[in-house]
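Top to bottom, those sequences are chains A and B. Basically our numbering = 1-based index in the first sequence + 91. Basically our numbering = 1-based index in the second sequence + 2.
These aren't lab readings, by the way, just hints derived from the structure by calculation. Incorrect hints may appear among the rest.
Partial list, computed: chain B residues near chain A (C-beta under 8 angstroms) [stated by the list, open to error]:
(1) D21
(2) R24
(3) T27
(4) L28
(5) A60
(6) S66
(7) L71
(8) Y74
(9) L128
(10) G196
(11) F263
To list a few chain B residues with every Cβ distance to chain A over 10 angstroms, as calculated [what the hints assert, rightly or not]:
(12) R81
(13) T102
(14) R111
(15) F193
(16) L197
(17) L273
(18) L285
Just so it is clear, CB atoms sit at the ideal spot from N, CA and C, and this is done for glycine as well.
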Amino acid sequence: MIWRRKNKRAKDRPSPDELVPPEGVTLMLPIAGVGVRLAAQITDILLTGIGAACLVILLSVLNLTDPQSMVAIASLLFFLIRVPYYIAAELAWNGQTLGKRMMKIKVVSHDGGPLTAHALVLRNLMKEAEIFLPGTLLLTLDAASPVASLTSLFWVMLCLAIPLMNRYRRRLGDLMAGTHVIHLPVPVLLSDLAGEKQRVNVDRRKFIFLSHQLDHYGAFELQTLETLLRGQSTPPSAGAAQQREATIEAIVEKIRNKIGYADPVPREDRLSFLKTFYKAQREHLEQRQLFGDRREDKHYAKSSEEA
Amino acid sequence: MDDQDLIRSARFRQEREADWRRLETLVQEAERKGLQHMAFAETRDLASLYRQATTSLAIAREISLDKALLGYLEALTARAYLCVYAPQQRLGGLLQRFLTQGAPRAMRRSWLFILLGFLCLGLGTLSGYLLYFENADWYYVFMPTDLAGGRGPHATTEALRSVIYDETPVKSGLGAFATYLFSHNTRIAIFVFGLGVFACAPAILLTFYNGLSIGAFIALHADRGLGLDLAGWLSIHGVTEISAICVACGGGLQLGAAVMFPGDKSRTEALRHAGHDAVKLALVAALMLVAAALLEGFGRQLVQDLTARLVIGWSVGALWLAWFVFGGRGRS
Numbered sequence: 092m093i094w095r096r097k098n099k100r101a102k103d104r105p106s107p108d109e110l111v112p113p114e115g116v117t118l119m120l121p122i123a124g125v126g127v128r129l130a131a132q133i134t135d136i137l138l139t140g141i142g143a144a145c146l147v148i149l150l151s152v153l154n155l156t157d158p159q160s161m162v163a164i165a166s167l168l169f170f171l172i173r174v175p176y177y178i179a180a181e182l183a184w185n186g187q188t189l190g191k192r193m194m195k196i197k198v199v200s201h202d203g204g205p206l207t208a209h210a211l212v213l214r215n216l217m218k219e220a221e222i223f224l225p226g227t228l229l230l231t232l233d234a235a236s237p238v239a240s241l242t243s244l245f246w247v248m249l250c251l252a253i254p255l256m257n258r259y260r261r262r263l264g265d266l267m268a269g270t271h272v273i274h275l276p277v278p279v280l281l282s283d284l285a286g287e288k289q290r291v292n293v294d295r296r297k298f299i300f301l302s303h304q305l306d307h308y309g310a311f312e313l314q315t316l317e318t319l320l321r322g323q324s325t326p327p328s329a330g331a332a333q334q335r336e337a338t339i340e341a342i343v344e345k346i347r348n349k350i351g352y353a354d355p356v357p358r359e360d361r362l363s364f365l366k367t368f369y370k371a372q373r374e375h376l377e378q379r380q381l382f383g384d385r386r387e388d389k390h391y392a393k394s395s396e397e398a
Numbered sequence: 003m004d005d006q007d008l009i010r011s012a013r014f015r016q017e018r019e020a021d022w023r024r025l026e027t028l029v030q031e032a033e034r035k036g037l038q039h040m041a042f043a044e045t046r047d048l049a050s051l052y053r054q055a056t057t058s059l060a061i062a063r064e065i066s067l068d069k070a071l072l073g074y075l076e077a078l079t080a081r082a083y084l085c086v087y088a089p090q091q092r093l094g095g096l097l098q099r100f101l102t103q104g105a106p107r108a109m110r111r112s113w114l115f116i117l118l119g120f121l122c123l124g125l126g127t128l129s130g131y132l133l134y135f136e137n138a139d140w141y142y143v144f145m146p147t148d149l150a151g152g153r154g155p156h157a158t159t160e161a162l163r164s165v166i167y168d169e170t171p172v173k174s175g176l177g178a179f180a181t182y183l184f185s186h187n188t189r190i191a192i193f194v195f196g197l198g199v200f201a202c203a204p205a206i207l208l209t210f211y212n213g214l215s216i217g218a219f220i221a222l223h224a225d226r227g228l229g230l231d232l233a234g235w236l237s238i239h240g241v242t243e244i245s246a247i248c249v250a251c252g253g254g255l256q257l258g259a260a261v262m263f264p265g266d267k268s269r270t271e272a273l274r275h276a277g278h279d280a281v282k283l284a285l286v287a288a289l290m291l292v293a294a295a296l297l298e299g300f301g302r303q304l305v306q307d308l309t310a311r312l313v314i315g316w317s318v319g320a321l322w323l324a325w326f327v328f329g330g331r332g333r334s
């Protein structure tokens, strides 16, 4: 519930992505960067712009306007659609506009509680003053008034600099409303490689790894191997099959050399070898971890000597 | 392969996977429908399964090296956390609460800032008025040319009068002008509000400048003996519209004051605190601007009589004042 208090020393500060709920287990809610928020913003501007354009076309087809006042009416419509759109969308979807939904980002309250209507209204009204007004000013620049141009340029720079200067990438409206924007994590449960049944024929002998053979690698190498093995489940494209075969062969040879596994691995058993090795290595590392010996990567021995 | 064959972390996963899957469907449902529309049993399960999942995550971080499992649990618990602790708020009654309680109370709480806003505008008007009589050329300095619509010291008295009483109504031209004026004043209001954060100065300057142009405009007409007629022309919407700018200025000043004088709080904290009332002021200003645009668009063309204009304008102003003074006085 409480975002951890900031410490003065940078290395002591917890990452801004971390959140400690009342359950006491640190959760990760990664902060959305400026780029993805800009993309969501552009999507929203396009959507509202298209809405306003449709209305203007409708009005002109119905002959309700004359050409002189077209620009004024178009800008008014864009304004009248835009302002309520952001507020209504974020209220209705609990902190997501359509653009944010597409980019899978979400506004959350900075203290981890629910989003109040007040906060959403405030951050979106400030968006008007922060982004749209200087934006329109910059678009309607004329060389005759350099002071106005420079002022709006300075203003835009200032507003863009604020999110870059704080760790939570909050813009002015976020600071005032007490919110920030996160990436919405997507839970996808992939199958457990260690739990998979292996098609080991009875006549083929099983690979057996000894304890000292499993002392060479750490968690990083294990998880790299995991990523590689997961990639094997998708069928390769025509040209890539050969390349994939070569990669597997190279890895098997590398592992065999490193751990000193004397028996040659026949071609058709290479994947099976890697899977068995993965399982054995993971069991070994998890065992070590339970005993307090956490091995981050293959250099674990060196780093423990230094410490 | 039987259970004994599995390694410890795989067994751990196998035992709990069904619960995680159920939590995942519940989270999806809560995000789609909202907690209020879910059955009691489902919300209860959501909360308890979320707590189980956080425990699972804590254990998995210690015992498992399965990257897929860790990533899944991280994402699942974070998502479930948002469902459990940051659910969607009820939206019903939001507008009513704002109109009957929130807005008038916020206005009363920030009376000093609104008064300052009126003071800025009033002083601006006074200076504009006096400066015009000193030298009529000031008019061109203060008045944006596209806003003046051809009215200036060079225009004849008859021309000025014809604009005020609209003797030859040209609907489309006037419509565009009203649209322009509406977006002009709305823009000024947003500027004044948003810029208040930058240490008050822009809000004060802009309001003052707005006052200058109003003052010069009044002085021009007073000079030609059209003072009372202009008062009627301006009153019908101006009472509401100019008040709206002052209210927006009050909101901006409140934010600026929080930045300059945060007191015991940090600046961010002070801004957040001031934002509570300031945003309500901004919404009130927006409401008043919409009302003013309606009055201007319809009222000013339909009502050509001077007294009727004055009566409508000021009685609408009195209604606003009554809302701010008497609204939301009951029990909280």
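Is the claim that R81 of chain B lies outside the interface with chain A correct, judged by CB distances over 10 angstroms? violated (6 angstroms)
Using Cβ atoms and 10 angstroms as the threshold, tell me whether F193 of chain B really stays out of contact range of chain A. Violated, because the least Cβ-Cβ distance between F193 of chain B and chain A comes to about 6 angstroms, which does not exceed 10 angstroms.
Using the nearest Cβ pair, does D21 of chain B come within less than 8 angstroms of chain A? violated (12 angstroms)
Min Cβ distance, L28 of chain B to chain A: is it shorter than 8 angstroms? violated (12 angstroms)
Hint validity - L128 of chain B Cβ closer than 8 angstroms to any chain A Cβ: violated (26 angstroms)
With 8 angstroms as the cut and Cβ atoms as the points, is R24 of chain B at the interface with chain A? violated (12 angstroms)
Please check whether the beta-carbon of L197 of chain B is more than 10 angstroms away from every beta-carbon in chain A. It is violated; L197 of chain B is separated from chain A by about 7 angstroms at its closest Cβ, not greater than 10 angstroms.
May I ask you to test the interface hint for A60 of chain B with respect to chain A, counting a Cβ-Cβ separation under 8 angstroms as satisfied? For A60 of chain B, the interface hint holds, since the closest Cβ of chain A sits about 5 angstroms away, which is under 8 angstroms.
Using 8 angstroms as the Cβ threshold, decide whether Y74 of chain B counts as touching chain A. At about 4 angstroms, which falls below the 8 angstroms cut-off, the nearest Cβ of chain A leaves the hint on Y74 of chain B intact, so it holds.
Per the CB criterion, is L71 of chain B less than 8 angstroms away from chain A? Status holds, d = 7 angstroms.
Hey, does L273 of chain B actually stay past 10 angstroms from chain A on C-beta? violated (5 angstroms)
Assertion that L285 of chain B lies outside the chain A interface [Cβ separation over 10 angstroms]: The claim is violated: L285 of chain B sits with its nearest Cβ about 7 angstroms from chain A, within 10 angstroms.
The earlier numbered hints that this structure contradicts are 1, 2, 3, 4, 9, 11, 12, 15, 16, 17, 18.
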